[in-house]
Amino acid sequence: MSQNLVELIRRHHAVAAPTALEVLKEAVEDHGEVTDDDRRRAAELSGVPEAAVYGISTFYDDLLVRRGERHVRVCTGTACFAATGDAHVDQIEEALGLKLGERSADGSVSLVETVCLGFCHSSPAVRDGETIDAGPEMTTRVADDAARPAPEPAWRSLLPEPVLTEPGDWSGLRRALTELGSDELLKQVEAAKVRGRGGAGFPAGTKWKFTKGATGDQKFIVANGDEGDPGSYIDKYLMEQSPERLLEGLALAGFAVGAQHGFVLTRSEYPLSKPALDLAIAQAHLDGWLGTNILGTGFDFDVTIVEGAGSYVVGEETALLASLQGLRGTVSARPPFPAERGVFNRPTVVNNVETLCNMGFVATHGADAYAALSPDSETNGSKLVCFNERFVNPTIYEVPFGMSMRELCEDVAGGLKDGRAIKAVQIGGPLGGILPASKLDTAFDFDALAAEGCMVGHGSILAFDDQTDMREVATHLLRFGAHESCGKCFPCRIGLKRAYDEFASEAAIDKARFEQLLEALELGSLCAHGGGIPAPMRSLLLHFPDELGLA
Amino acid sequence: MSLTVTIDGTPVEVAEGTTILEAAKLVDAWVPTLCFDEREAPFGACRVCMVAVEGAPKPLPACTTPCRDEMVIDTHDATSRRVATAVVELVLSELPVAPEPHTELAQIADRLDVTASRWPGATHDVGHDFRHPYLAFQHELCISCGRCVRACDEVQGAFALTATGRGFESNIAAGLNAGFEDSSCVSCGACADTCPTDAITEITLLDGVVPDRPPRPRERGGRKRRSLASE
Numbered sequence: 001m002s003q004n005l006v007e008l009i010r011r012h013h014a015v016a017a018p019t020a021l022e023v024l025k026e027a028v029e030d031h032g033e034v035t036d037d038d039r040r041r042a043a044e045l046s047g048v049p050e051a052a053v054y055g056i057s058t059f060y061d062d063l064l065v066r067r068g069e070r071h072v073r074v075c076t077g078t079a080c081f082a083a084t085g086d087a088h089v090d091q092i093e094e095a096l097g098l099k100l101g102e103r104s105a106d107g108s109v110s111l112v113e114t115v116c117l118g119f120c121h122s123s124p125a126v127r128d129g130e131t132i133d134a135g136p137e138m139t140t141r142v143a144d145d146a147a148r149p150a151p152e153p154a155w156r157s158l159l160p161e162p163v164l165t166e167p168g169d170w171s172g173l174r175r176a177l178t179e180l181g182s183d184e185l186l187k188q189v190e191a192a193k194v195r196g197r198g199g200a201g202f203p204a205g206t207k208w209k210f211t212k213g214a215t216g217d218q219k220f221i222v223a224n225g226d227e228g229d230p231g232s233y234i235d236k237y238l239m240e241q242s243p244e245r246l247l248e249g250l251a252l253a254g255f256a257v258g259a260q261h262g263f264v265l266t267r268s269e270y271p272l273s274k275p276a277l278d279l280a281i282a283q284a285h286l287d288g289w290l291g292t293n294i295l296g297t298g299f300d301f302d303v304t305i306v307e308g309a310g311s312y313v314v315g316e317e318t319a320l321l322a323s324l325q326g327l328r329g330t331v332s333a334r335p336p337f338p339a340e341r342g343v344f345n346r347p348t349v350v351n352n353v354e355t356l357c358n359m360g361f362v363a364t365h366g367a368d369a370y371a372a373l374s375p376d377s378e379t380n381g382s383k384l385v386c387f388n389e390r391f392v393n394p395t396i397y398e399v400p401f402g403m404s405m406r407e408l409c410e411d412v413a414g415g416l417k418d419g420r421a422i423k424a425v426q427i428g429g430p431l432g433g434i435l436p437a438s439k440l441d442t443a444f445d446f447d448a449l450a451a452e453g454c455m456v457g458h459g460s461i462l463a464f465d466d467q468t469d470m471r472e473v474a475t476h477l478l479r480f481g482a483h484e485s486c487g488k489c490f491p492c493r494i495g496l497k498r499a500y501d502e503f504a505s506e507a508a509i510d511k512a513r514f515e516q517l518l519e520a521l522e523l524g525s526l527c528a529h530g531g532g533i534p535a536p537m538r539s540l541l542l543h544f545p546d547e548l549g550l551a
Numbered sequence: 001m002s003l004t005v006t007i008d009g010t011p012v013e014v015a016e017g018t019t020i021l022e023a024a025k026l027v028d029a030w031v032p033t034l035c036f037d038e039r040e041a042p043f044g045a046c047r048v049c050m051v052a053v054e055g056a057p058k059p060l061p062a063c064t065t066p067c068r069d070e071m072v073i074d075t076h077d078a079t080s081r082r083v084a085t086a087v088v089e090l091v092l093s094e095l096p097v098a099p100e101p102h103t104e105l106a107q108i109a110d111r112l113d114v115t116a117s118r119w120p121g122a123t124h125d126v127g128h129d130f131r132h133p134y135l136a137f138q139h140e141l142c143i144s145c146g147r148c149v150r151a152c153d154e155v156q157g158a159f160a161l162t163a164t165g166r167g168f169e170s171n172i173a174a175g176l177n178a179g180f181e182d183s184s185c186v187s188c189g190a191c192a193d194t195c196p197t198d199a200i201t202e203i204t205l206l207d208g209v210v211p212d213r214p215p216r217p218r219e220r221g222g223r224k225r226r227s228l229a230s231e
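Heads up: the sequence lines are chains A and B, in that order.
Using the working numbering, read the first sequence as starting at 1 and increasing by one per residue.
Using the working numbering, read the second sequence as starting at 1 and increasing by one per residue.
If you're looking for bench data, these hints aren't it; they were derived computationally from the structure.
Where a beta carbon is used, it is the ideal one built from N, C-alpha and C, also for glycine.
One thing to keep in mind: the hints can contain errors.
To be verified - Looking from chain B toward chain A, a few residues come up when the C-beta cut is under 7 Å (computed):
no., residue
1, G44
2, V83
3, V87
4, G121
Could you build all of it, start to finish, from the sequences and the hints given here?
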């Protein structure tokens, strides 16, 4: 990330200038596409040079579209793929008389794909104008221009005393401010060994400690709400159903490390997240939980919500910081880590939404109580998991770590619908390994899943049923990987394209060459995107070699 | 504070903050690079400068990894070299024509014994822009190393260039993609100077004024590239 551009943006932010990305997003909302006049205006208002604005405008999916009066976004996430094999995309293309990416000649209708809308519990999903519709009859309703809002299922906790599925009550912040103090709060978070819930599993307390110890008066907290993993709708629920829990987590992080401001980056694919959080911020100000001199303790903290513009890799923390500042969402090499140089080049904590949602409990009840939430596991705390539409009872469940995948899939989510059997499950998103049905006795936990080439990741559990063609699964994942590559590091930028093209063709896969490519991706990629896509590919090579068409 | 690191068996003392790549240069250990230019901040994009560090689970990029005291580094590590070779092979596969022998890309490929790519498939669209009197784009040769963009930002401060697109479609543009002339370019030539593939080149001044002789990129054969000069 250009230090010069970030400094320019910092100075303009100080005088309340919008970011270039904000101006470009408004242009699309206003007249359906980005023009050169919009780019000039974005450059003028944001202070970012015209060339950089041009680069930004060619990076994000939302800015590359030409919207019609009726803009239809069909979900091509993995849950929708698992539900229909992408038949819903063909049906909508046929109904609208448009291919993906097209706008009708009269400008009345446009069609694009989007990944993913977070309605994986009732796939396939579509966003037709402002309405998100989902379910098997969705395509018929879109054809009739009669989309209706899809219902959100209720979430459920398997814990004796639910934690994450209950509304937040700010008791953690009260206790931290009035009893614990910032040092003791940090001690509790470190002792609780809260592992990041966004994929990497890095200890959150360590990030807080580094940021607290970093030089500088101005520090920031960033909640990573860019839950782009297709099949996952956990952070969406937390942001939309319990936004106050996330705000409390941000304030706790701020208090612990000495930051006065927090940001949440939400996804444009989740249009309800930013309004829900903005409303909760307003309420928190009224109730005295955000603002200046909170509870009369002299602690000041406020939060700003920034909505993204369509890019999966922005979920990576350095790309997230770039996007938050309105730049191209490309990955930067670490070091420097955000704890040293983050928002406006200042020390910054970047935590996943669910990770921060754990902090209220830790502050209120302490590290020991947090550890006790998962009595049968070395891992502390509880986890939200979510299931795709193939299951009988697909929704979000709060579970302790350590249950077997079989218990989760069969007892909790009720197995698959229509008498289908599970062929395999992909856990934790597109960068997670794929577990065949024969391995369902594996425990849902960091180490146990890692031993099978899988991960906890975001906590999504996505079943492929017994009719799934696993070469199509590989092709689907590689298509996603190639489309979402930020283009920064060479192995990912070129390698995923090459792998996708080979799988999408009818040709046999050159196994030796493919395995060399996987090695270059795993060892060479700059971030977990290029480094992670090989995990499900390795699973498929190991468990379903006969279906891949290898040579 | 100074640190001691061992590179390919040779100990060397370096200042704190020195990268592995900088330390390797001190002992004349060759580490291939494509996105690195010593006048610019390290970028970590090309991933061909991978080296083995004792105790590290996998190869590390030499350009962005700072030395730590008593680090033991192997620049000849077979795994690292395999990754670098695979990456260079991928890079050659994205160009519709082989890079000119005088380019840094061609020289790195040669030294890594990558003569051709085993990857068929799409290459970058040919896109030439010779409108500017001194600077020419050949977009199909762009490997998105970011050197020109950083030269314009960090060396010249003109901010006339940007990376564009995403994934395989990534490329470069000046201004609002209307060429160098309609941008904040000051014709300094830093972009052409650093380009490892001739995606941006300087046009010989005479070519533009001699009648019946259309502008063309200047031949730079025979000129030894700076980053390989120390070999």
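Compare the structure with the hints numbered earlier in the document and write down the numbers of the violated ones, lowest to highest. No hint contradicted; all consistent.
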